[in-house]
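Visitor: Chains as they are written, first to last, in the working numbering: chain Y, 1 to 95; chain S, 1 to 243.
Just so you know, the hints here were simulated from the structure itself, not pulled from any lab data. The beta-carbon is built from N, C-alpha and C at its ideal position, and this holds for glycine as well. Keep in mind that the hints are not guaranteed to be accurate.
Said to hold, decoys possible - Coverage of chain S stretches by chain Y, computed from C-beta distances (three or more under 8 Å per stretch; other residues unrestricted):
(1) 37-44
(2) 127-136
(3) 226-238
What follows is the residue order along each chain.
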Amino acid sequence: MREPPLPSLRDGRQEMPADTAEAIYDTLWSTSEIPTRAPEGIERVMLAEDKLYVVLAVVLIIWFGLIFFLLRTDRRLDTLEREVEDRIPDNQPPA
Amino acid sequence: MPTLTERLTKGGSPKVNVERYRTIRTIVLVAVTAVAAGGFLLEIPRIQILEHTARNLYFHVPMWFTLMAAVLVSAYHSLRFLQTGDLRRDVRAREAALVGVVFGILGLLTGMVWARFTWYQGTNIWWNFDPKQSMAAVQLLIYGAYLVLRTAFDEPQKRGRIAAVYNLFALVTVPFLLYILPRQAPSLHPGADGNPAFSDFTAPSMRWVLYPAFASFIGLFWVIYTQRVRAALLKLRLYGDTD
Numbered sequence: 001m002r003e004p005p006l007p008s009l010r011d012g013r014q015e016m017p018a019d020t021a022e023a024i025y026d027t028l029w030s031t032s033e034i035p036t037r038a039p040e041g042i043e044r045v046m047l048a049e050d051k052l053y054v055v056l057a058v059v060l061i062i063w064f065g066l067i068f069f070l071l072r073t074d075r076r077l078d079t080l081e082r083e084v085e086d087r088i089p090d091n092q093p094p095a
Numbered sequence: 001m002p003t004l005t006e007r008l009t010k011g012g013s014p015k016v017n018v019e020r021y022r023t024i025r026t027i028v029l030v031a032v033t034a035v036a037a038g039g040f041l042l043e044i045p046r047i048q049i050l051e052h053t054a055r056n057l058y059f060h061v062p063m064w065f066t067l068m069a070a071v072l073v074s075a076y077h078s079l080r081f082l083q084t085g086d087l088r089r090d091v092r093a094r095e096a097a098l099v100g101v102v103f104g105i106l107g108l109l110t111g112m113v114w115a116r117f118t119w120y121q122g123t124n125i126w127w128n129f130d131p132k133q134s135m136a137a138v139q140l141l142i143y144g145a146y147l148v149l150r151t152a153f154d155e156p157q158k159r160g161r162i163a164a165v166y167n168l169f170a171l172v173t174v175p176f177l178l179y180i181l182p183r184q185a186p187s188l189h190p191g192a193d194g195n196p197a198f199s200d201f202t203a204p205s206m207r208w209v210l211y212p213a214f215a216s217f218i219g220l221f222w223v224i225y226t227q228r229v230r231a232a233l234l235k236l237r238l239y240g241d242t243d
């Protein structure tokens, strides 16, 4: 398969080779005129800068998921530490 | 609360101060979130070839600074273990090295992806034995060997001593493998022979994110490391062994 030419990041459109699956989708898009309406509401933010903010949203969702996981593990450690402290006082060597 | 000098000479407690941990954890989680947002939102100069990938600087470089901080922490606790024979020191050395290696692997992978679409754009090359990348991979193997070495011993004190000595030697290789050797070789990585180093080309506006990113990711290392130490110390108290 030949390498497609690398699209420019700045002019906002990509040149697709004519003989690939992408070209078929591209034809659909160009005939149905879906993205021609001016963006409004949240789209005005999210579609700017070549849709960079969509990536930010994805990254933050993953990060908040990881934070949740980290905090939950801490809570389990809190419980375990209390239980162990009750059963084996700190100054006593392990059995 | 002991000062840093006191901690380094006499050594703080190898136990975890949970109150302090919670405070720092909150600060770190907010800071990493702010760095991620700032990394995307702040304007950057558009440079040919790099384009938006210049933003990788905020995430890729801190991985390596974090590895370096982690192996320093690890070597410190190895040294303290050799002085005291306290197995909790050995636990801390192991966990710091382990979490550090994870950050190093992330640094290597992010570097590969970045290089593929900048240095190797249009060539379909993912790995070309660039000296910086190769030396970084060797560095990770050295610390991987530390973790494997530990599994070879059953007796905790003996395992701790041998691993600690190896760990101190491993630390000595870090400046050579991550800085000195790759900078003397023809590498595409910034800072290498003929390439300007980070301080020469990083735009002042980017430093507002980059420097907090260093601190935040080292902080994130500390949070994950401390969490793992808490779990490992519980295990040590229950079973009297570290691994």
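Visitor: Using C-beta distances, would you say chain Y covers the stretch 226-238 of chain S, given that this needs three or more residues below 8 Å?
Guide: holds (count 7)
Visitor: State whether the coverage of the stretch 37-44 of chain S by chain Y holds or is violated, taking the criterion as 3 or more residues with Cβ-Cβ distances under 8 Å.
Guide: As far as the stretch 37-44 of chain S goes, the hint holds, because 3 residues have Cβ atoms under 8 Å from chain Y.
Visitor: Are 3 or more residues of the stretch 127-136 of chain S near chain Y, judged by a Cβ distance of less than 8 Å?
Guide: With 0 residues closer than 8 Å to chain Y, the stretch 127-136 of chain S misses the three-residue bar; violated.
The earlier numbered hint that this structure contradicts is number 2, and it is the only one.
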